[in-house]
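Student: Quick note, the sequences are listed as chains Y and B, same order. Position one of the first sequence corresponds to residue 8 (our numbering), numbered consecutively onward. Position one of the second sequence corresponds to residue 2 (our numbering), numbered consecutively onward.
Treat the hints as calculated values from the structure; they're not laboratory data. Some clues are possibly wrong.
[Stated by the list, open to error] Facing chain B, according to a computed beta carbon distance under 8 Å, are these residues of chain Y, among others:
#1 THR124
#2 VAL126
#3 ALA159
[Claimed, not checked] With beta-carbon atoms standing in for the labels, derived distance ranges:
#4 Y/LEU102 <-> B/GLU490: 55 to 65 Å
#5 Y/GLN181 <-> B/SER489: 54 to 64 Å
#6 Y/GLN181 <-> B/GLU472: 23 to 33 Å
[To be verified] Chain B is nowhere near these chain Y residues, computed Cβ spacing over 10 Å in every case:
#7 GLU40
#8 ASP44
#9 ARG46
#10 ARG59
#11 THR89
#12 GLY121
#13 HIS137
#14 THR153
#15 THR172
All C-beta atoms in this analysis are idealised placements derived from N, C-alpha and C, irrespective of residue type, glycine included.
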Amino acid sequence: MSDGGDDRTESGRERGSAGVAVERERRRVDPSEYTTDRRSLSPRVQINWAVRTTVTAVVVGLIATFALRAFDLDPRIGGVLTAVLVLLGFVWVVLHYRIWVYQIQDDAIYLERGVLTHVRTLVPYVRIQHVDTSRGPVERTLGLSTLVVYTAGSRGADVSIPGLTPEEASDLQQRVKQLAIEAEGDDAL
Amino acid sequence: MNLDPRSVPYRIFDNGFRIVAATVFWGFASSGDGMDVRSLLLFFVAVLGIAIGWQIAYVRRYEYRVTADTFDIRSGVISRREREIPFERIQNVDIAQNVVQRALGIAEVRLETAGGNATEATLRYVSRREASRLQELISDRKRSDASPEGSREETGDVLFELDQRELGILGVTSANFRLLGLILVGLSFVGSPVAAREISPRVGLFLLLGPAFAAVGLVILWIASGVQAVFRYYGFRLTRHGEELRYERGLLQQYTGTIPLSKIQTLMIRENVLARAAGYGSLVIETAGYSPGQGGSDVESAVPIAERDRVLELARSIENVGDIPFARPPRRARVRYVARYTIVVGVITAILGAIHLWTDELPYWYLGSGLWLLVPIAAHLKWAHLGYYVDEDYVVTRSGFWTRRTTVVPIYRVQTVLDSQTVFQRRRDLGTLVVDTATSGGFWGGDAVALDVDVETARTLRERIHDRFQEAVRERQDRLFRERERESEHGRESPVNG
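Required output: the full structure, derived from the provided sequences and hints.
Tutor: Written out as structure tokens, the structure is:
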């Protein structure tokens, strides 16, 4: 499209030397130093999720109880509903934990997650805009941290890895940062 | 430079309703001890005075300046704000003019960058000539950054011009059928028996009243959306100025916008049922974080309507995607839609039954299940319009019956690639492939989505697109690097991001 002059007319020698330079520039750091194998999250993240699902279940249960009372039905059904929801929440938490996998590959971050909808994502380093670590109040008491990776994509904020120890999180942040610098894409926006 | 002085009266006029509202409010607030016309008038004059003073101050304190490589704005009456926007980051320069503004000869200029959804800067208002000058100037500056040779074409090649016939077709085909269909179903089901009894309990003929209402509603909505489309796209023209597309349109609200070719993320071809039947379609061009002329959730077309071949040809002149032999999802996907729509029909019938139980209306509620006859057709149509195609340079996906959307994503514009599987898809070994791009997203988004493909295919495609993307990035980097080297040999400045 807009990419100006194509250099097919260049002499072979010139192209060769440029190619070598490009190659040298690209291989400053070996990406394999930064990659990881497939890792799962810290088990403590289950407590974090369980807190969340339980709170949601209780809120839904309370609303249901009031609704039942308004319709002159036995409000105890609301209690049963809450208990069922809490249990379902626990099942979801365990499954969610078992499914979650992340891997720092040599050219992309790979994520696998989701109980009801199973999603596998590849985030190329070239596309990474910036990398954050964040810690919510519950995460802080549990000693956990979340790594959030931003891309310019419309689903940019979707890419986050929860349930990391703070050390893991900052280690991952360093790795991803290095790899992203290494990839040095033009932003192509 | 300053804003045009004529924008003061317009801005006051624009805020007029607020002044009136404040007066009315004050009038009500003080009405306890009797309405005093004189004090009300005094209040009105005071508020008007403040408004005039404020607007004059705003316009006088608003300064903009064009420097060598930035566009600077200093604004604010009480708290000052200074903003510098690098030319190379400006994606679109839009000019909008409504009827009043046209009478005054002023225009609004909007500068858009890739960051966020908000407009980076809005000049309210400058003279029409100044607006065009800024548009020209900014695209000039951008061009001189991108290619030093800078081919200066003042007029630009006309790529597309909407003629009267096409405008007519646009009016006829620009109905929102999803909405219309919903209204039709709703009115004819719920409306008819109730309305029939309200008017005459004996005459069975009135049972047809509901569908009749629906038909009338349908026609009115159709005409309204048609008229709106005609007003909106009247006099549409798409031209190419160097590395930029420029379009103008509008009967009452006139609009001029630019689309930088180098910033295009995806192309989308949209054809709704009617347009498709007539062999027409529209082309939408999405740039990063912003699609041109986007006001709210509306996506504006780069080509509002043209014959399908013409649309494809235009799309190919922008992104050279060759023939697109679409692959369809496996047949078991169609079975899935039959199951899904059966559930929908079941739910509708159940709701009708429940209404019958509670209100005694709708004695023939079980006829709702007759809708099931449509299910196989609907499932087939949905399936038949799905498709995907992946080659070395492009990912193309297609979906939708009411409005078929074909999305073309150049591989080097890919942001992330993902495949997903819902519980229901897992039962049939199906999966969805999503190719995310840096478009504004939104409800229809610019993402290429291949729905319900075989799960193994989805996975291999994800890997393939990712690998191909990495290759494309490397090729691009090599080329940029070589270009830079060549530039430095010639002792020139390095080019910025072609």
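Student: None of the hints should be skipped; say for each whether it holds.
Tutor: For each hint, the structure was consulted:
no.: 1; hint: THR124; verdict: holds, 5 Å
no.: 2; hint: VAL126; verdict: holds, 4 Å
no.: 3; hint: ALA159; verdict: holds, 4 Å
no.: 4; hint: Y/LEU102 <-> B/GLU490: 55 to 65 Å; verdict: holds, 60 Å
no.: 5; hint: Y/GLN181 <-> B/SER489: 54 to 64 Å; verdict: violated, 33 Å
no.: 6; hint: Y/GLN181 <-> B/GLU472: 23 to 33 Å; verdict: holds, 27 Å
no.: 7; hint: GLU40; verdict: holds, 18 Å
no.: 8; hint: ASP44; verdict: holds, 18 Å
no.: 9; hint: ARG46; verdict: holds, 19 Å
no.: 10; hint: ARG59; verdict: holds, 21 Å
no.: 11; hint: THR89; verdict: holds, 24 Å
no.: 12; hint: GLY121; verdict: violated, 7 Å
no.: 13; hint: HIS137; verdict: holds, 13 Å
no.: 14; hint: THR153; verdict: holds, 18 Å
no.: 15; hint: THR172; verdict: holds, 26 Å
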